[in-house]
Amino acid sequence: MIFQIDFQAGKPVYLQLADQIRLAAASGRLQPGEALPALRPLSEELRVNRNTIAKAYSELEAQGIVENIQGKGCFVKAGRSPFSAPVRKGMLAGEIDAAIVMAHHLQVDREPFLELVRERLDHFAGQLNSAQNGH
Amino acid sequence: MDAPTPVIEINNLVRRYGRVDAVNGLNLTVRPGRCYGFFGRNGAGKTTTIKCLLNLLQPDSGTVRVFGLDPRRDEVAVKSRLSYVPDAVAFYPWMTIAESLEFLASFRPRWNRDMEADLLRRFQLDPTQKAGQLSKGQKTQVALIGAVCPEPELLVLDEPTSGLDPIVRREFIETVIGAYHATDPEHRTVLVSTHLISEFEGLIDEFTIVERGRVLLTSAADTARERFQKIRATFPTAPGDLELAGALSVRQSGCDVEVLVDGNGASMMDRLRARRPVDLRSQALTLEEIFVAAGTLGRAAA
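Protein sequences, first through last, are from chains A and B. The first sequence maps to residues 12 to 146 in my numbering. The second sequence maps to residues 960 to 1261 in my numbering.
I should point out that these hints are in silico values taken from the structure, not numbers from a laboratory. Among the hints, a few may not be true.
Below, computed lysine to aspartate or glutamate pairings styled on EDC-like, alpha-carbon distance capped at 16 Å [as the list claims (entries may be wrong)]: (1) B:1098 to B:1085; (2) B:1095 to B:1124; (3) A:88 to A:72; (4) B:1010 to B:968; (5) A:22 to B:1145; (6) B:1095 to B:1118; (7) B:1098 to B:1073; (8) A:22 to B:968; (9) A:66 to B:968; (10) A:22 to B:1181; (11) A:66 to B:1117; (12) A:88 to A:70; (13) A:66 to A:30; (14) B:1098 to B:1117; (15) A:22 to A:72; (16) A:66 to B:1118; (17) A:88 to A:106; (18) B:1095 to B:1112.
So that you can see chain B by itself, here it is in the shape it has in the complex:
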């Protein structure tokens, strides 16, 4: 069986600003139908990478392919098949919401009117309101509606929820992605860049963590949650030095011990069990905790 062409394939991407390496040898492969998380702190190189996908920036070296095409050579072909929502969106302030969406639709070969009406209703947006009067959250909502209604094969979201209030953002991301996936889900791919990872916990199938322009970790979400575990043990008396080599980190406070492990959870459990704890349990890390743990790993290796 031939593997389908990746929607995004980046090899060894390097992009500098003057002497600063914003992206330094980054690799990324996103297969069709995925909801892919691109995680990193501010300044890690996420936006620079995304701009190279859109030919808003040109790589210094390395290759970038979107739908198998080079965005530098086939910019229009690439852009006509994707939607991009940057972290700060702007509309012409004199246009209404309806006019703004109409304007966006005029550039697109197709536009799902039912989806537009449905999302406007669910976000309780008044189509006759002027874009200039909208809050930041409402502007983002309009931008997301504008991004999904053309039913593009790829949806690129750069920090879609930063700066929004937590109650609004909790709801609207899954509403938008739900609407996006409602038609032909095998050909609907999402790349979402964010540092607010907990909001995307259930939505992400696969992710890459970047730091200082390099990949720290690429994994399927379920695999990562199996790999990274937090083990808590309680001993009848303070256990002294447990010598738990191979742990990512060990915290000890009196009789309680908390150990973070990467892939060796079972053997660590056995070693702790041999010391006769009164309580012993393990729990998967959340993606956000994995993000923090991967940062520790990266700094240790640097």
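The following block holds chain A by itself, in its conformation from the complex:
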């Protein structure tokens, strides 16, 4: 996969990487069991420090999205989140709050916001479907 790093995004580089991997895993571009790129070639390709990539991978590991197998690398995890339902809800609520704050500042009201959420969910379902049919 191709990563886009923007040093001027105002968001830590390791989070940009983690977000893009999360997105790829959610949309089926990265399949369960698939390996994440090794640290050294990716750090040379993106011209970022190896520590930055290691930090992104350990963040994803802590969230149960990937699994680090000693000496082999990081792999996208199959199956279910290791977190309990309330924990999962709490993690998601934080992210949704951030979007709600953004919507407030952009003056996007409740109904258009909910409509957009539905639209994005459909978009992802579509992507996931075509990724699975492609494999």
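Using the hints, position chain B against chain A.
Quick look at chain B alone, frame taken from chain A:
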């Protein structure tokens, strides 16, 4: 949890040349595993500081510790665990590249032959070529190979890319640091001194900006990029005096306003938003822009 011993710890370093204070009360802490940027203009005191780490110069006052050791007392112990690449490198002109590297290896307890072969190949260097026939860029490449192959715990690079053509230097720094980090990255620390900051944007975890022998700013790179923001607003009509106290700088041209902020980006955005702009966006400064902005801060405080 005990914090690991810093690889470099400098407290209140002072070093004068005659009456000139080259370094004047400088503090610097580099933790293991970091890729640390030491930024400053020419003459800011970077090289003097580095020479004190290597006992090539002795401090007038203050303390310098490398791996927890005093380089004046334990010079050999310190030097055997680090590699240093100065801004101008020299080899014996009659030796080939292979002989030059062999010569460097003879001083070292270990030497990674695979790494040497890999880097020679990636830089397209011919090991049988005489060092005297190499370009400045090639000499720097050989010096960097010689610096990373002993797998030292600390790699000190003083202006490693100055005087090289931009296409060469873009590539080889990350190649070298990539190779250096390939084994045991937790025990591989880099201190790179430079004024060509944009080339190191992604490599630097943490940095210190020095000016006139003093520290202007020490920060993690990500934190600094969150702190220093450039906000651009466009108003339907020229907004007049916006009275944006607390901004680092404000540039106004007709309907467009550009504000640099240090840490108060959110409140500045709110104040601008209250004036009903038609467009409002913020962007993190690059490390190079932060370097320039920190210079402005330093001169304002002086």
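Hints and how they fare:
A C-alpha spacing of about 12 Å is found between residue 1098 of chain B and residue 1085 of chain B, which places the hinted pair at or below 16 Å, so the restraint holds. Note on residue 1095 of chain B and residue 1124 of chain B: the hinted pairing holds, with a Cα-Cα distance of about 10 Å set against a maximum of 16 Å. Between residue 88 of chain A and residue 72 of chain A the CA atoms are separated by roughly 9 Å; this keeps the pair inside 16 Å, and the hint holds. Restraint check: the Cα-Cα separation between residue 1010 of chain B and residue 968 of chain B comes to about 14 Å, which is no more than 16 Å; the hinted pair holds.
With a C-alpha separation of about 25 Å, the suggested pair residue 22 of chain A and residue 1145 of chain B falls outside the 16 Å cut-off, and the hint is violated. A threshold of 16 Å between alpha carbons decides the hint, and for residue 1095 of chain B with residue 1118 of chain B the separation of about 13 Å falls inside it, so the pair holds. Taken as a hint, the residue 1098 of chain B and residue 1073 of chain B pair is broken in the structure, with Cα atoms around 20 Å apart against an allowance of 16 Å. For the hint linking residue 22 of chain A to residue 968 of chain B, the alpha-carbon distance of about 30 Å lies beyond 16 Å, and the restraint is violated.
As the CA atoms of residue 66 of chain A and residue 968 of chain B are separated by approximately 25 Å, the hinted pair breaks the 16 Å bound. The hinted pair formed by residue 22 of chain A and residue 1181 of chain B meets the criterion: a straight-line CA distance of about 8 Å does not exceed 16 Å. For the proposed pair residue 66 of chain A and residue 1117 of chain B, the alpha carbon gap of about 27 Å is over 16 Å, so the pair is violated. At most 16 Å may separate the alpha-carbon atoms for a hinted pair to count; residue 88 of chain A and residue 70 of chain A meet this at roughly 14 Å.
A hinted pair counts as satisfied when its Cα atoms are at most 16 Å apart, and residue 66 of chain A with residue 30 of chain A qualifies at roughly 12 Å. About 15 Å separates the Cα atoms of residue 1098 of chain B and residue 1117 of chain B, which keeps this hinted pair within 16 Å; it holds. The straight-line distance between the Cα atoms of residue 22 of chain A and residue 72 of chain A is roughly 20 Å, outside the 16 Å bound, and the hint therefore fails. Taking the CA atoms of residue 66 of chain A and residue 1118 of chain B, the gap is near 28 Å; set against the 16 Å cutoff, the hint is violated.
Distance hint between residue 88 of chain A and residue 106 of chain A is unfulfilled; the C-alpha atoms sit about 21 Å from each other, more than 16 Å. For the hint linking residue 1095 of chain B to residue 1112 of chain B, the alpha-carbon distance of about 26 Å lies beyond 16 Å, and the restraint is violated.
Of the numbered hints given earlier, the model fails hints 5, 7, 8, 9, 11, 15, 16, 17, 18; all others are met.
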